[in-house]
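Protein chains in written order, with the UniProt record's numbering: chain A, 1 to 148; chain B, 1 to 355; chain C, 1 to 285.
Some hints could be false.
Pairs of lysine-lysine, DSS-like flavour, derived with a Cα cap of 25 Å [stated by the list, open to error]:
#1 B/Lys247 to B/Lys14
#2 C/Lys78 to A/Lys92
#3 B/Lys264 to B/Lys216
#4 B/Lys75 to A/Lys3
#5 A/Lys46 to C/Lys45
For the record, the hints were derived by calculation from the structure and aren't laboratory data.
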Amino acid sequence: MIKPLRKRHLQIWTALAVLLPLGIIGARIATPKFPAQTLLQPDAAKPLPDILKQREKDNYIVFIRSNPQRSAFQLEWLNKNPLTWPSATIYKVPKGSSVNKGILIGRIESRGTYRFTVDAAFEPEKLSTAQLILYDFIHEQIIDTINF
Amino acid sequence: MGASYLAVGWNRQKKIYDWFIFAFCALYLTTFIAVTALYNPDYTFETALIRSTATLAILLLHVILSIGPLTRINKKFLPLLYNRRHLGVTMFSVALIHGSFSMLQFHALGNVNPFVSLFTSNTQYNSVSQFPFQALGFFALVIFFLMAITSHDFWLHTLSPKIWKALHMFVYLAYFLVIMHVMLGVVQYETNPVLFVMVLAGAATLVTLHLVAGTKEVRKDNRIFKLKKEGFVYVCESQDVPDNCAKIFCIDKERIALFRFENKLYAIHNVCKHQGGPLGEGQIIDGCITCPWHGYQYLPQNGQSPPPFKEKVSTYIVTVEGSQVWLNPQPLPEGTERSGAAIIIPDKQIIENVQ
Amino acid sequence: MSNNEFYIGWMPKAPGGFARHTKKVIIALLILTITVGVLLAISQKKFGTGQFEFGQLTNITGVYFKEPVPAIKVMSGKDLLGRSAYITIPLIGYGKSGADGILLDLEKLQHVDLNKKEITLKGTLLYNDGKLLMQIDAADNPLVSVNKTAGENMLPLQKELGEQTIQGEIVDPKCFFGVMKPGEGKPHKDCAIRCISGGIPPVLKVTNKEGDCNYYLLVGAHGEKMNEAVKEFVATPVAVKAKVVAYDDWVILYVTDQKGISPIAGWQLVKPGSQAISCIARCIK
Ligand code: HEM
Ligand code: HEM
Ligand code: FES
């Protein structure tokens, strides 16, 4: 190394001492922020006031809701985590039997709250003989079984 | 000259050095990938590979860039410098894996050639928040590639040190490009500030090291020699030069190393023919001036490497008047033999030596 | 004496002072290596849950619709109230390309119009967060069978939700829903542009305060493709002004006009949409 070259090194680093912080901080400040926005889906119905039953799993919470008169029933499905199956539908089946014997309740999709209108078969006493199945009809596989 | 004399070949320390480079790289990659897999069971291997090699490359780049100034601040870092080029070539290879996989993942199987895609997918070169950061990585990789393919000593001689030095200056540009590649890329996506803080800390460390080492060196260069006569310049007192070692003087543009050997003074050009190492920071071993960087050797009497080696550096004429050392900064042709200037040793010192 | 020690690389052993110092440096580097590796690895944004069934082919039978984006609608049954449960699976091609080309080739080859027919397709599934897509590749002979034209009951249910301005990020659904992680944001921007250029229908990903997401398909005011027009707005916050239609289980945004998409904030030296830069880009092409 000769003297001018050493000086050049020092000049370059002096320039970098200015440019690097400018570039680093500038890029960081310019980082775009993504806005939050109300979602269009799911278009859930109003919740019924009473919770009759509740089951909590890692990925979702399931409630059976009803009105005070016990004349209307609702299955509320709180999807906490993204689904990792091609499709997910909820079936009610008599305990121990297969999906073909079941009644389709509905399909769940992205995270959020889903409410399905269900019939009096969801009264707590009657439910003890039934179970819910989360079923993927694309791969024809049972994802989960929920007992009340 | 003992049997230990060897040029820079594949010797024991070099092997140890390379082994450490390999072990550290392997350790880093495994740590990164394993922790990613543990923390993120949903990870994809391609991304883990792209990110582990990317961050390893930038870590290596920081190490490479700090070795120079560290050795200038403290000589004990010299063993790290010894095989810095292998570190450079390793860094390039790791970055190449990162770049290739990124090209495959992000640009292959599209409706245009991947290299066209690299420059034309995102065309928002006018925006800070949308800047096509991948192009920056590409140009940095091109610079590293040029440095790596010319990394053999052969090229240093063929290209002439001047061109080669110019090429080397681009490493700083490449460093800047890499930093912006990261800042305008993932940092604008990640929500955790760890990477940002590390980039900032890395840059701050490098800038500080280089500015400290650089000002120190430039101050040495700027010493002014006032006493001049008949082409000679007064540089120091003869007892200032330690035995078998040298003092370095920068007169005009070039640094000159003034060695003391068997009580004679010899001056040679300070720049080693191998990679420009500072000969004046070396020592005389087995009668040869030995470069501190990779151990090239030169005879003080004529600036030539002992046979069979052919390197030659410029020599200079020195005279001693009383205790004053005078140096003629006009270089003699490389390898010119001239007699050393005998040091007149005061009686007092002789007595000390006898005791 | 240690001041006078001299290190030469070709000596079999470094002098003691150098060796000790080097040992310390190696330990420091060891700590640095592990710390940096661990910190950077754990600070990565959580990887998405997208799945791509790479190398696994699935047969899907459903009704093919060409509009608004090529898709196949699969029935699963009727619920208590007699409403059908189904899933609409948008189709995409191999690599960074849409499915239009392959489907056109298949129609030509078989001399049939596939639109609204019940067909069986073989392809690779990819899915995340309740959305399912299928990749069809000419090399897999994707068209297994063509059956009758579908009945009226299979036609899509449409519900107009009026004109709205919706904020979100434009992603390419192939990468986002399964193939790449991350399949969104700045690091993935180039790839998303490449995919959308290649004909994969653009999707607006919308996130609410809780972090839940919805995904809307983007098409032009009259259902035409918007792929080229959205390119410069990919992977950046945008506001989309569109006629919103719930179209079975997907929401379709019919973007009002070319100015219907605009960036939100960000530092811009020249407004996007300006010709200077894109002209240069075209010349390079
Ligand atoms: C052809 C050249 C290159 C291309 C196409 C390229 C592309 C990319 C891409 C797409 C990313 C984002 C990856 C992700 O996290 O999803 C990235 C990140 C990165 N690149 Fe490069 N790159 C190139 C060269 C380089 C070089 C030469 C270096 C440095 C020595 C480098 C260092 C990095 C670093 C440190 C990151 C951040 C890693 C992280 O995600 O944490 N790249 N690059
Ligand atoms: C490729 C062949 C290479 C050769 C022959 C080589 C050789 C050298 C030499 C002789 C120097 C000393 C320059 C001086 O102080 O006057 C040097 C310095 C340097 N080299 Fe390389 N190197 C090579 C590759 C690389 C690569 C790939 C990198 C990586 C990024 C790199 C990074 C550096 C850096 C940062 C310096 C700093 C100079 C200083 O200490 O101020 N080199 N190299
Ligand atoms: S021995 Fe390599 S620079 Fe002197």
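> Is B/Lys75 close enough to A/Lys3, meaning Cα to Cα at most 25 Å?
Replying inline: holds (20 Å)
> Keeping to a limit of 25 Å between CA atoms, is the pair of B/Lys247 and B/Lys14 held or broken?
Replying inline: violated (29 Å)
>> Holds or violated: B/Lys264 and B/Lys216, Cα atoms, limit 25 Å.
In response: violated (29 Å)
>> With the threshold set at 25 Å, check whether the alpha-carbon distance from C/Lys78 to A/Lys92 stays at or below it.
In response: holds (13 Å)
> Does the structure keep A/Lys46 and C/Lys45 at a Cα separation of 25 Å or less?
Replying inline: violated (35 Å)
Checked against the numbered hints given earlier, this structure breaks hints 1, 3 and 5; the rest are met.
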